[in-house]
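Engineer: Sequence:
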Amino acid sequence: MVTTTERISHARELIKKARNISVPPDPGWQDFSYIAQVKDMMRQARDLLKFIPLTTKEDPNQKKDALDVIKDIDKAEKEMLHRFV
3 MVTTTERISH ARELIKKARN ISVPPDPGWQ DFSYIAQVKD MMRQARDLLK FIPLTTKEDP
63 NQKKDALDVI KDIDKAEKEM LHRFV
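For the sequence shown, the numbering used here begins at 3 and goes up steadily by one.
It is worth saying that the hints were derived from the structure and are not from the lab.
All clues given are correct.
Straight-line C-alpha distance at most 27 Å; calculated DSS-like pairs for lysine-lysine: (1) Lys41 with Lys77; (2) Lys80 with Lys66; (3) Lys66 with Lys19; (4) Lys77 with Lys52; (5) Lys66 with Lys77; (6) Lys73 with Lys59; (7) Lys41 with Lys65; (8) Lys18 with Lys52; (9) Lys19 with Lys73; (10) Lys65 with Lys52; (11) Lys66 with Lys41; (12) Lys18 with Lys80.
Distance ranges between label pairs, derived from CB positions: (13) Asp61 with Glu15: 15 to 23 Å; (14) Pro62 with Val4: 13 to 21 Å; (15) Val25 with Asn63: 33 to 41 Å; (16) Asp76 with Val25: 15 to 23 Å; (17) Asp74 with Val4: 17 to 25 Å; (18) Thr7 with Leu83: 25 to 33 Å; (19) Glu15 with Leu69: 12 to 20 Å; (20) Asp70 with Arg45: 15 to 23 Å; (21) Arg21 with Lys66: 20 to 28 Å; (22) Glu8 with Arg45: 12 to 20 Å; (23) Ser35 with His12: 21 to 29 Å.
We put the beta carbon where it would ideally sit given N, CA and C, even for glycine.
With these hints in hand, go ahead and build the complete structure from the sequences.
Structural biologist: Next up, the structure:
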């Protein structure tokens with residue numbers, strides 16, 4: 003069983019890991035791979051956190067932390083993929 007604190011921590015690690023993926027220098031097929039990797043890591047991070055704000059047993063501070071990390075995920079994804087849109 004993974005605790006809420008561990009879920010939040012792992013989601014933050016996934017954000018950092020996604021930011022460390024090297025951006026392809028040239029457009030083309032490498033862009034698809036980069037986009038897929040980033041989106042997959044962001045999806046994994048969201049999946050870890052998506053039910054925390056909805057549960058009644060969680061501490062309100064942990065719910066707030068989870069919501070903050072979800073916002074960070076959205077922001078990070080936009081920052082990393084803005085050149086592809």
